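Novice: Sequence:
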Amino acid sequence: MRIGQNPAKSIDSVPQPSPVTVAIVSYIPFLGGYYTHSLEVLKACLNSIWESTEQPFDLLVFDNASCPEVRAYLEQAHNEKRIQYLVLSDKNVGKGGAWNFIFQSAPGEFIAYADSDIRFYPGWLSSSLEILRAFPQAGMVTARPMRTPEAFYDRTLEWARNQPEVTLENGIYIPWEVYRQHVLSLGTEEDQARQWYDSRSDWRLTYQGVQALVGAAHFQFTVRKETIQHFLPFNMDRPMGQVRSLDEQINQAGYLRLTTSQPLVTHMGNQLVEDSLSNVISPKPSQRRLVDANLIRKPLLWLYDSIFRLYHQ
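Numbered by our numbering, the letters in the sequence shown go through residues 18 to 330 in order.
What the hints contain is simulated information worked out from the structure, not anything from laboratory work.
A few of these clues could be false.
The list that follows gives simulated cross-link-like pairs (lysine to any residue, SDA-like), each with its CA atoms no further than 25 Å apart [stated by the list, open to error]:
id, residue 1, residue 2
1, Lys108, Phe248
2, Lys60, Ala82
3, Lys242, Glu265
4, Lys242, Ser106
5, Lys108, His95
6, Lys108, Gly50
7, Lys242, Gly114
8, Lys242, Trp67
9, Lys108, Glu86
10, Lys242, Leu174
DEER-style ranges, computed between Cβ atoms [what the hints assert, rightly or not]:
id, residue 1, residue 2, range
11, Asp107, Pro153, 39 to 49 Å
12, Arg217, Gln269, 17 to 27 Å
13, Arg150, Ser106, 25 to 35 Å
14, Gly49, Ser106, 16 to 26 Å
15, Cys84, Pro34, 41 to 51 Å
16, Leu289, Glu186, 16 to 26 Å
Quantities reported herein were computed from a predicted structural model and do not represent experimental measurements.
The beta-carbon is built from N, C-alpha and C at its ideal position, and this holds for glycine as well.
Take the sequences, apply the hints, and build the full model.
Specialist: Now the structure itself:
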């Protein structure tokens with residue numbers, strides 16, 4: 018038996034979601050080893066979103082069973098209404114599981130996804146949306162120019178070559194310092210990065226006055242919700258390592274994979290980076306050479322990987 022009427026019946030309207038949902042996946046199982054600085058990196062990521070996003074947006078954070086310190090920080094931000102939607106998973110469902118939840122549940126027409134180690138700069142969202150709205154069949158737009166294997170964007174080139182209104186150019190449009198900053202953040206050695214840079218070139222598209230580079234990446238991208246839902250569910254049986262299937266599927270379906278012409282996001286990895294797009298905080302050169310020596314580097318990586326698997330699998 019019910020006593021009285023539910024007070025909610027007297028409410029005439031409810032707030033509507035923003036057109037854009039910015040979605041972040043976090044996974045920091047402990048604060049040590051590889052993850053020593055990861056909470057600071059997460060804070061830098063979220064602060065940069067709050068400070069650098071001019072358009073209205075809702076923030077959704079999916080936490081993949083992080084440690085108590087991380088969850089306490091996220092819950093505080095949620096209580097302060099800085100995070101609109103906070104999902105705390107009690108187990109690590111992997112990036113595929115997190116994507117399945119986000120891309121089905123995010124309320125916005127557009128979803129701007131990023132890993133939790135990305136720093137954002139002013140203009141990142143407006144530039145991404147401009148490209149997404151201007152180019153027919155635009156699939157995913159990353160707010161940073163980068164080079165990816167042609168197997169992930171050959172359908173974009175095919176589309177551009179068949180459109181009389183599109184200007185397609187090949188050349189060097191990504192400066193070395195912009196390229197270098199990103200690939201070094203992935204753990205690539207500088208000699209290898211320079212070799213890759215000198216052996217490749219870039220593709221640039223111009224359509225109806227809007228310019229974009231060919232590329233895109235799964236670590237950060239903006240997409241229409243109705244587009245990404247065509248590829249659900251993602252069937253990934255490992256926490257990481259299978260995410261490039263998204264790049265492949267977007268390309269195979271004929272959607273364009275594009276980037277902004279300017280670097281408007283930075284991949285930090287597990288270390289904070291300076292607020293400059295061309296610099297990475299790193300050990301002194303003598304220390305870096307010692308750590309990178311194969312006789313030391315490979316055994317250390319093997320040891321760390323073995324310890325991590327022992328305690329967290």
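Novice: All hints are to be evaluated individually against the structure, with a verdict given for each.
Specialist: Here's how the hints hold up against the structure:
1. As the CA atoms of Lys108 and Phe248 are separated by approximately 24 Å, the hinted pair is consistent with the 25 Å bound.
2. Restraint check: the Cα-Cα separation between Lys60 and Ala82 comes to about 17 Å, which is no more than 25 Å; the hinted pair holds.
3. As the CA atoms of Lys242 and Glu265 are separated by approximately 18 Å, the hinted pair is consistent with the 25 Å bound.
4. Distance restraint check for Lys242 and Ser106: the Cα-Cα separation of roughly 22 Å lies within the 25 Å cut-off, and the hinted pair is therefore satisfied.
5. A distance of roughly 20 Å separates the Cα atoms of Lys108 and His95; the hinted pair therefore holds under the 25 Å criterion.
6. Between Lys108 and Gly50, the direct Cα distance comes to roughly 21 Å. Compliance with the 25 Å bound is thereby established for this hinted pair.
7. Of the pairs offered as hints, the one joining Lys242 and Gly114 holds, with about 17 Å between alpha carbons and a cut-off of 25 Å not exceeded.
8. This hinted pair checks out: Lys242 and Trp67 have alpha carbons roughly 22 Å apart, not beyond 25 Å.
9. Restraint check for Lys108 and Glu86: the C-alpha separation of about 16 Å stays at or below 25 Å, so the hint holds.
10. With a C-alpha separation of about 24 Å, the suggested pair Lys242 and Leu174 falls inside the 25 Å cut-off, and the hint holds.
11. The hinted range of 39 to 49 Å is satisfied by Asp107 and Pro153, whose Cβ atoms lie roughly 42 Å apart.
12. The given range of 17 to 27 Å is respected by Arg217 and Gln269, whose C-beta atoms sit roughly 22 Å from each other.
13. Take Arg150 and Ser106: their Cβ atoms lie about 33 Å apart, and the range 25 to 35 Å holds.
14. Distance hint check: the CB atoms of Gly49 and Ser106 are about 21 Å apart, consistent with the given range 16 to 26 Å.
15. Restraint check, Cys84 to Pro34: a C-beta distance of roughly 30 Å breaks the suggested window 41 to 51 Å.
16. Range check, Leu289 to Glu186: Cβ separation about 36 Å, and the 16 to 26 Å hint is violated.
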